[in-house]
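A.B. asks: Using the sequences and the accompanying hints, generate a full structural model.
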Amino acid sequence: MIMPFEYLDHTADVCLRGTGETVEEAFCEAARALFNLMIDLEQVAPKRSQRVSLFAERLELLLVEWLSELLVQKDLTGLFLSRFHVDIRQGKDGFHLEGEGWGEPLDPPRHRVKLEVKGVTYSGLHVAHKGKIWIAQCVVDI
Amino acid sequence: MSEEFTLKRISQSEWLLEKSGEMRVPGRIFADIQTIEQLQTDVAEKKEWNALRQVRDVACLPGIVTAALALPDVHPGYGFPIGGVGAFDLKEGVVVVGGVGFDINCGVRLLATPLHKEDLSDVLSELADDLYRTVPAGLGSEGKLRLTLDEIDQLLREGARYVVKRGYGVEEDLVHIEEEGQIPGADPTVVSRLAKQRQFRQVGTLGSGNHYLEVQTVVRIIDPEAAAAYGLEEGQVVTSIHTGSRALGHQICQDYLKEMEQASRRYQIPIRSRELVCAPILSDEGKRYLSAVACGSNCAFANRQMIAHLVRSSFARILSLAAEKVRTVYDIGHNNVKVEHHLVDGTTCELLVHRKGSTRAFGPGRKESPPDYRAVGHPTLVGGTMGTASYVMRGTNLGMEKAFGSGIHGAGRALSRRKAAKKYWGKDVKSAMAADGIILRAHSLRGVAEEAPSAYKDVERVVHAATDAGINQPVACLRPLLVIKG
Numbered sequence: 001m002i003m004p005f006e007y008l009d010h011t012a013d014v015c016l017r018g019t020g021e022t023v024e025e026a027f028c029e030a031a032r033a034l035f036n037l038m039i040d041l042e043q044v045a046p047k048r049s050q051r052v053s054l055f056a057e058r059l060e061l062l063l064v065e066w067l068s069e070l071l072v073q074k075d076l077t078g079l080f081l082s083r084f085h086v087d088i089r090q091g092k093d094g095f096h097l098e099g100e101g102w103g104e105p106l107d108p109p110r111h112r113v114k115l116e117v118k119g120v121t122y123s124g125l126h127v128a129h130k131g132k133i134w135i136a137q138c139v140v141d142i
Numbered sequence: 143m144s145e146e147f148t149l150k151r152i153s154q155s156e157w158l159l160e161k162s163g164e165m166r167v168p169g170r171i172f173a174d175i176q177t178i179e180q181l182q183t184d185v186a187e188k189k190e191w192n193a194l195r196q197v198r199d200v201a202c203l204p205g206i207v208t209a210a211l212a213l214p215d216v217h218p219g220y221g222f223p224i225g226g227v228g229a230f231d232l233k234e235g236v237v238v239v240g241g242v243g244f245d246i247n248c249g250v251r252l253l254a255t256p257l258h259k260e261d262l263s264d265v266l267s268e269l270a271d272d273l274y275r276t277v278p279a280g281l282g283s284e285g286k287l288r289l290t291l292d293e294i295d296q297l298l299r300e301g302a303r304y305v306v307k308r309g310y311g312v313e314e315d316l317v318h319i320e321e322e323g324q325i326p327g328a329d330p331t332v333v334s335r336l337a338k339q340r341q342f343r344q345v346g347t348l349g350s351g352n353h354y355l356e357v358q359t360v361v362r363i364i365d366p367e368a369a370a371a372y373g374l375e376e377g378q379v380v381t382s383i384h385t386g387s388r389a390l391g392h393q394i395c396q397d398y399l400k401e402m403e404q405a406s407r408r409y410q411i412p413i414r415s416r417e418l419v420c421a422p423i424l425s426d427e428g429k430r431y432l433s434a435v436a437c438g439s440n441c442a443f444a445n446r447q448m449i450a451h452l453v454r455s456s457f458a459r460i461l462s463l464a465a466e467k468v469r470t471v472y473d474i475g476h477n478n479v480k481v482e483h484h485l486v487d488g489t490t491c492e493l494l495v496h497r498k499g500s501t502r503a504f505g506p507g508r509k510e511s512p513p514d515y516r517a518v519g520h521p522t523l524v525g526g527t528m529g530t531a532s533y534v535m536r537g538t539n540l541g542m543e544k545a546f547g548s549g550i551h552g553a554g555r556a557l558s559r560r561k562a563a564k565k566y567w568g569k570d571v572k573s574a575m576a577a578d579g580i581i582l583r584a585h586s587l588r589g590v591a592e593e594a595p596s597a598y599k600d601v602e603r604v605v606h607a608a609t610d611a612g613i614n615q616p617v618a619c620l621r622p623l624l625v626i627k628g
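First to last, the protein sequences are chains A and B.
Under my numbering, the residues of the first sequence are numbered 1 to 142, in order.
Under my numbering, the residues of the second sequence are numbered 143 to 628, in order.
Any given hint might turn out to be false.
Derived DSS-like pairs: lysine-lysine, alpha-carbon spacing no greater than 27 Å straight-line [as the list claims (entries may be wrong)]:
id	chain 1	residue 1	chain 2	residue 2
1	B	K188	A	K130
2	B	K189	A	K132
3	A	K92	B	K188
These are calculated hints, taken from the structure and not from any lab test.
C.D. replies: Shown next, in the form of structure tokens:
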């Protein structure tokens, strides 16, 4: 059995990795890995939804765009997300992503908060499939 | 193929990474043997992140002068190592996003009180509770100062001065902030609307991760002359605030990583790592980024100014201490890039100095230091780990010659966050600190585990190496009485 998401060692920060049978699943799991650094996912009820629409020339860059956009939306709307759905379509110049996340605003102490993620880096960036498994990973700055 | 790095030992705490391949200058690492061995182990184990490679990559950038430097708290970062310094010729050189990083002008403000440690013994817990309530910290916390978009622009232009103008602080604070809390050339139009919107709720918030607020006591004076100039004495109660430019700085970095990637291609600068994207200093892109960093830096100064005000309000409530009795000793950043004058081969040159996880540490006599500190050089603030010690240090003449007047910024991590969280429990860390008489108030216990003192290098070792190399000089040792974590 594979872990849907996990964290790899990095001295100062965290390298997160989402996996799945499709690239979309791997992106969703990477997003869950991102929010799981900040809050306990099981405590976040999917009450409200948030849509994003993105484009990038390469799949790796699309992952950075996706995770960065989720961080931005978290600051703007105050929504913490725990479930995701993603569609990725390859176009002529690159990749288009239509994504949706579900969650709720932060409500401590009901929500146990963890750490804030400052940004998504290009370090350790890797989107590829190994056999039947897709991996989407990068280092985030804490 | 495994990478090879030839290190030559120059002295006990100084090493030369010899020039090879595309390196334009050598690397110079100020560190003790244990740190060097750790860096070499990372290479041998083929770790994806290794600081020696990062020193080498910085040494390959156009226009770099003398050497790519790493200071004793060096560990792997993004593009630049943490604890890295890179100085570039203004005409030939480049400005590098990774030389500043995400948390632009993250830094430390030190406040001094006239109180003695004994004055707090009965009210320490009450003070901790009040600070915990008063200073917004941790994920999702919101600042008390709400600004409009126009006001944010003003804050980005004026930095700490803007906050003082709003009534949160005094003019004397500004004299004792690096660059008087206002980096010139900050044009808010080069900062995205998104970056400003993300900041709306975050002005005057501490954040989380390694950020903290500590009420400390001076346990040891090492350099009496400098300590007297800074107004520090044994037993005195002081407060350190460690935070940065919050979401605004993070968004500037994210925006410019993209913009500078295109610039690197346009100017045909080979990029060895994505975070080393850069542009010529004098190009439009370079100037825009430098202006954006000035905005981010001013935001960080303003943020620490606002928190200093909140700290003063707590001291007033709990100890009836008037705000003007809580004096700013100094405020200095450790993630920034600035134009400075330095002697290179006997000639004074104007250089662009990047410091990533490193502070400015100008020695005696520089006009950039506040007049009352000029004879000894301005203080540098070295954050320790939450259970151990922090240091006030100062720059030296040798540091001006060898390290572009740069100083260490902290202990530097030894264990990854993941390993630390596996090894320690937040509650145990808290109890261990309590047994040492240190009160901890934290918003996240997981964060406490990740920030466990043993997850960091021993700050004493780092301070010792910087002192031994002659680049920094310790002035005073501070020990925490209470710690507020995000």
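A.B. asks: Would you mind marking each hint as holding or not holding in the structure?
C.D. replies: A quick look at each hint next to the structure:
The hinted pair formed by K188 (chain B) and K130 (chain A) meets the criterion: a straight-line CA distance of about 21 Å does not exceed 27 Å. Pair hint K189 (chain B) plus K132 (chain A) holds up; C-alpha atoms about 26 Å apart against a cutoff of 27 Å. Between K92 (chain A) and K188 (chain B) the CA atoms are separated by roughly 37 Å; this puts the pair beyond 27 Å, and the hint is violated.
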